[in-house]
Amino acid sequence: MGWQAIRIWTVLVYGFMFLPVAVVVLLSFNANQFGSFPMTGVSLRWFEELWNNDAVMRAFRTSVVLGLMTAAISTTLGILASLALVRYSIPGRNAITTLLIAPILVPEVVLAVALLLFLNWLGIGKSFALLLAGHVIFTLPFVILVVQARLVSIKRDVEEAALSLGASPVQTFFAVTLPLMLPAVAAGALFAFTISFDDITGTLFWKPGGVETVPTQIFSMLRNSISPEINALGTVMIVMTVGLPLLGAAVARKLAMKGGS
Amino acid sequence: MSAVTLKNIVKRFGTFTAVHRTTLEIPEAAFVTLLGPSGCGKTTNLRMIAGLLDPTEGEILINGKRVNDVPIHKRNLGLVFQNYALFPHKTVAENVAFGLKYRDVSKAQIAGKVRDALDLVQLPHVGERYPKELSGGQQQRIALARAIVIEPDVLLLDEPLSALDANLREDMRVELKRIQERIGVTTVFVTHDQSEALAMSDLIVVMSEGRVEQVGRPEEVYNTPASEFVANFLGASNILAAECVEHGKAVVLDEATFGRVAVPAARAPNLTGTGKAKLVVRAEKLLLARDPAPEGVISVPAIVGTVDYQGQAVRYFVRAGEAQLQAINMIDERPFAAGEAVHLHLRPQDCAALPG
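Going line by line, the protein sequences match chains D and W. Under the UniProt record's numbering, the first sequence has 214 at position 214, and the numbering climbs by one with no breaks. Under the UniProt record's numbering, the second sequence has 219 at position 219, and the numbering climbs by one with no breaks.
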């Protein structure tokens with residue numbers, strides 16, 4: 001009896017969380033020209049329209065480029081910061097860690113406005129570089145948290161062994177440390193990409209005029225009408241932001257199994 | 001020439017001094033053990049030789065050259081850790097080949113050297129496996145192969161047997177010594193285990209609280225301990241307050257339980273004259289017997305207290321007059337029982353003397 005109630009409750013919670021998403025995905029395949037029920041047939045028509053919509057495709061390209069660049073920069077900075085924080089005793093280590101993690105504790109709107117005001121004060125206008133910088137600040141904590149946790153579990157012994165065998169510190173990093181923390185690095189990069197890819201709050205503040213990412217594009221399309229195209233775009237977003245991390249997790253597990261420890 | 005020389009080495013961590021002014025010569029091709037309890041500075045010394053720590057003061061020389069400013073990867077040393085420290089993402093063969101990649105060795109030569117090293121540690125068929133597929137003992141052999149394949153100037157072993165279980169440890173002890181003798185590499189071995197040190201070393205450096213207590217061949221440090229610490233750390237000893245009454249060719253100590261004991265002068269190198277002294281009676285040299293001893297052997301009546309039976313040997317705690325003593329005897333039948341009256345036999349030449 002008790003278990004039955006918990007089961008039903010669980011289904012309701014999941015339904016509450018995922019039904020809207022399921023509706024969007026379902027309706028994106030609707031043949032009807034209104035993005036609502038009842039469905040009149042299954043079609044890929046709206047995906048095709050997306051493909052032919054220049055504004056959407058431009059936004060998509062911008063998002064992918066922005067996401068990839070964010071991931072590359074955040075991961076590189078995150079690895080370097082983690083190495084410094086874990087492997088070297090630097091004064092004020094805890095304070096630095098807190099500062100680096102702070103962007104995910106501060107509300108995004110505050111962060112967005114703050115960065116904008118700061119840039120204004122410096123007399124620098126909005127640009128793609130600013131947008132990129134904002135995304136890096138916002139995704140860096142995730143990379144640092146994941147990579148740092150992994151680095152702590154890699155024994156110093158292994159690196160010392162490599163050094164004793166004649167590898168320089170840089171060679172040791174590339175031959176031993178980096179391969180051992182690769183699963184965390186990949187996870188961090190994926191985090192950075194997906195967070196950047198579906199970020200809207202910060203992006204709305206930071207983007208220069210005329211530049212749209214997929215989320216801001218959807219946002220502006222919504223102001224006109226609820227077109228079925230938006231459903232299709234939503235489905236693409238879901239596949240990217242849910243599918244990529246799942247794929248990444250699978251690859252990481254494979255790597256971890258091969259590498260041991 | 002010494003392979004490794006430590007000259008007036010001091011190592012401080014903040015206000016804590018881990019190594020007090022230490023000078024040490026490690027001879028070419030010797031197996032030298034740094035022995036002591038944890039926190040005695042033995043590992044700190046090893047890490048300074050390796051280049052993993054910088055000495056606060058003093059000089060380190062390897063083959064006569066000062067290496068203080070030479071980073072670890074340019075020192076050409078073999079390093080073996082307690083926890084093996086194999087590269088988990090590389091196969092055994094890749095692990096062993098690792099150091100050769102940073103040296104001027106061709107691909108074909110690498111394959112040959114890796115094969116020879118795996119043969120030497122008697123694991124010729126595991127090259128394609130990953131470290132985690134091997135047992136602890138096998139992993140440690142691979143770690144050894146990886147360290148010696150680069151033909152290091154000095155082999156540094158940091159408690160390499162401590163992570164293995166007891167039986168395996170004794171096998172590995174013999175194995176390690178065999179390999180070291182075969183390739184003749186100067187070896188510095190760090191351990192807290194006195195039996196490992198006694199069994200394997202050409203030279204033992206006994207350390208305590210950052211200081212070298214004694215340097216000597218195993219039988220020297222065992223038979224002629226230079227300090228109370230050494231006497232107690234290597235085996236069990238009874239250390240008794242005594243009075244040195246004669247200091248010449250023989251050193252005669254007067255002690256409450258055993259009376260006058262003539263200790264050979266060679267066994268009392270640090271005793272400079274008559275006066276207060278300490279008599280060192282090894283537990284293994286104090287024999288329990290039913291009858292009094294023959295002429296020339298000291299004999300004292302005693303009562304057996306606690307009996308700690310260990311199979312081939314027994315550890316007795318006995319009372320002789322005022323003194324509580326311990327004795328470790330080999331036995332072939334039944335041990336003496338608690339409460340039995342016995343005679344303690346002690347040959348004066350088995351005793352050592354320390355300053356009081």
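Honestly, the hints are just simulated from the structure, not real lab data. These numbers come from a predicted model, not from an experiment. The C-beta atom is built at its ideal place from N, Cα and C for all residues, glycine as well. Honestly, I wouldn't trust all of these hints.
[Unchecked claim] Have a look at the derived ranges for each label pair, beta carbon to beta carbon:
# : chain 1 : residue 1 : chain 2 : residue 2 : range
1 : W       : Pro71     : D       : Leu204    : 44 to 52 Å
2 : D       : Arg156    : W       : Gln310    : 34 to 42 Å
3 : D       : Ala84     : W       : Thr23     : 36 to 44 Å
4 : D       : Ala249    : W       : Gly184    : 34 to 42 Å
5 : W       : Gly184    : D       : Leu247    : 53 to 61 Å
6 : D       : Ala84     : W       : Gln310    : 49 to 57 Å
[To be verified] Listed below are the simulated SDA-like cross-link pairs for lysine to any residue, each with C-alpha atoms no more than 25 Å apart in a straight line:
#  : chain 1 : residue 1 : chain 2 : residue 2
7  : W       : Lys74     : D       : Arg150
8  : W       : Lys107    : D       : Pro179
9  : W       : Lys132    : W       : Gln122
10 : W       : Lys132    : W       : Asp104
11 : W       : Lys7      : W       : Lys74
12 : W       : Lys65     : W       : Lys107
13 : D       : Lys254    : W       : Ala29
14 : D       : Lys254    : W       : Lys65
15 : W       : Lys90     : D       : Val42
16 : D       : Lys155    : W       : Ala93
17 : W       : Lys107    : D       : Val86
18 : D       : Lys155    : W       : Val126
19 : W       : Lys132    : D       : Ala252
20 : D       : Lys155    : W       : Pro27
21 : W       : Lys74     : D       : Ala149
22 : W       : Lys90     : D       : Ser168
23 : W       : Lys74     : D       : Pro179
24 : D       : Lys254    : W       : Pro27
25 : W       : Lys65     : D       : Pro179
26 : W       : Lys7      : D       : Lys254
27 : W       : Lys177    : D       : Ala252
28 : W       : Lys65     : D       : Pro169
29 : W       : Lys90     : W       : Lys65
30 : W       : Lys90     : D       : Ala149
31 : D       : Lys155    : W       : Arg347
32 : W       : Lys74     : D       : Lys254
33 : W       : Lys65     : D       : Leu151
34 : W       : Lys90     : D       : Arg150
35 : D       : Lys155    : W       : Lys7
36 : W       : Lys132    : D       : Ala84
37 : W       : Lys90     : D       : Phe118
38 : D       : Lys155    : W       : Lys65
39 : D       : Lys155    : W       : Ser135
40 : W       : Lys101    : D       : Val251
Here is what the structure says about each hint:
The supplied range of 44 to 52 Å is met by W:Pro71 and D:Leu204, whose beta-carbon atoms lie about 51 Å from each other. Between D:Arg156 and W:Gln310 the beta carbon distance is about 39 Å. The supplied range of 34 to 42 Å therefore holds. Judged by the Cβ atoms, the range 36 to 44 Å given for D:Ala84 and W:Thr23 holds: they are separated by roughly 37 Å. The hint said 34 to 42 Å for the Cβ distance between D:Ala249 and W:Gly184, and at roughly 52 Å that hint is violated.
A beta carbon spacing of about 55 Å between W:Gly184 and D:Leu247 agrees with the range 53 to 61 Å that was offered as a hint. In this structure the hint that D:Ala84 and W:Gln310 lie 49 to 57 Å apart at CB holds, the actual value being about 53 Å. Distance restraint check for W:Lys74 and D:Arg150: the Cα-Cα separation of roughly 29 Å exceeds the 25 Å cut-off, and the hinted pair is therefore not satisfied. With a C-alpha separation of about 23 Å, the suggested pair W:Lys107 and D:Pro179 falls inside the 25 Å cut-off, and the hint holds.
Note on W:Lys132 and W:Gln122: the hinted pairing holds, with a Cα-Cα distance of about 18 Å set against a maximum of 25 Å. Among the hinted pairs, W:Lys132 with W:Asp104 is inconsistent with the structure: their alpha-carbon atoms are about 30 Å apart, more than 25 Å. Between W:Lys7 and W:Lys74 the CA atoms are separated by roughly 21 Å; this keeps the pair inside 25 Å, and the hint holds. Our distance criterion of 25 Å between C-alpha atoms is broken by W:Lys65 and W:Lys107, whose separation comes to about 31 Å.
Taking the CA atoms of D:Lys254 and W:Ala29, the gap is near 46 Å; set against the 25 Å cutoff, the hint is violated. Our distance criterion of 25 Å between C-alpha atoms is broken by D:Lys254 and W:Lys65, whose separation comes to about 48 Å. At most 25 Å may separate the alpha-carbon atoms for a hinted pair to count; W:Lys90 and D:Val42 exceed this at roughly 51 Å. Simply put, D:Lys155 and W:Ala93 have alpha-carbon atoms about 21 Å apart, close enough for the 25 Å limit, and the pair holds.
For the suggested pair W:Lys107 and D:Val86, the alpha carbons sit about 36 Å apart, so the restraint of at most 25 Å is broken. Only pairs whose Cα atoms come within 25 Å are accepted, and D:Lys155 paired with W:Val126 is accepted, the gap being roughly 24 Å. Simply put, W:Lys132 and D:Ala252 have alpha-carbon atoms about 19 Å apart, close enough for the 25 Å limit, and the pair holds. As the CA atoms of D:Lys155 and W:Pro27 are separated by approximately 32 Å, the hinted pair breaks the 25 Å bound.
At most 25 Å may separate the alpha-carbon atoms for a hinted pair to count; W:Lys74 and D:Ala149 exceed this at roughly 31 Å. Between W:Lys90 and D:Ser168 the CA atoms are separated by roughly 18 Å; this keeps the pair inside 25 Å, and the hint holds. Between W:Lys74 and D:Pro179 the CA atoms are separated by roughly 23 Å; this keeps the pair inside 25 Å, and the hint holds. The suggested pairing of D:Lys254 with W:Pro27 is violated, with an alpha-carbon distance near 49 Å, which exceeds 25 Å.
At most 25 Å may separate the alpha-carbon atoms for a hinted pair to count; W:Lys65 and D:Pro179 exceed this at roughly 36 Å. For the hint pairing W:Lys7 with D:Lys254, the CA-to-CA distance comes to about 51 Å; that exceeds 25 Å, so the pair is violated. Simply put, W:Lys177 and D:Ala252 have alpha-carbon atoms about 42 Å apart, too far for the 25 Å limit, and the pair is violated. For the hint linking W:Lys65 to D:Pro169, the alpha-carbon distance of about 23 Å falls within 25 Å, and the restraint holds.
Between W:Lys90 and W:Lys65 the alpha-carbon distance is near 34 Å, which puts this suggested pair outside the 25 Å criterion. Restraint check: the Cα-Cα separation between W:Lys90 and D:Ala149 comes to about 22 Å, which is no more than 25 Å; the hinted pair holds. A threshold of 25 Å between alpha carbons decides the hint, and for D:Lys155 with W:Arg347 the separation of about 52 Å lies outside it, so the pair is violated. Between W:Lys74 and D:Lys254 the alpha-carbon distance is near 36 Å, which puts this suggested pair outside the 25 Å criterion.
For the proposed pair W:Lys65 and D:Leu151, the alpha carbon gap of about 36 Å is over 25 Å, so the pair is violated. Taking the CA atoms of W:Lys90 and D:Arg150, the gap is near 18 Å; set against the 25 Å cutoff, the hint holds. Distance hint between D:Lys155 and W:Lys7 is unfulfilled; the C-alpha atoms sit about 31 Å from each other, more than 25 Å. For the proposed pair W:Lys132 and D:Ala84, the alpha carbon gap of about 29 Å is over 25 Å, so the pair is violated.
A C-alpha spacing of about 48 Å is found between W:Lys90 and D:Phe118, which places the hinted pair above 25 Å, so the restraint is violated. Restraint check for D:Lys155 and W:Lys65: not satisfied, since their Cα atoms lie roughly 31 Å apart, outside the 25 Å limit. Restraint check for D:Lys155 and W:Ser135: the C-alpha separation of about 19 Å stays at or below 25 Å, so the hint holds. For the hint pairing W:Lys101 with D:Val251, the CA-to-CA distance comes to about 29 Å; that exceeds 25 Å, so the pair is violated.
Of the numbered hints listed earlier, those contradicted by the structure are 4, 7, 10, 12, 13, 14, 15, 17, 20, 21, 24, 25, 26, 27, 29, 31, 32, 33, 35, 36, 37, 38 and 40.
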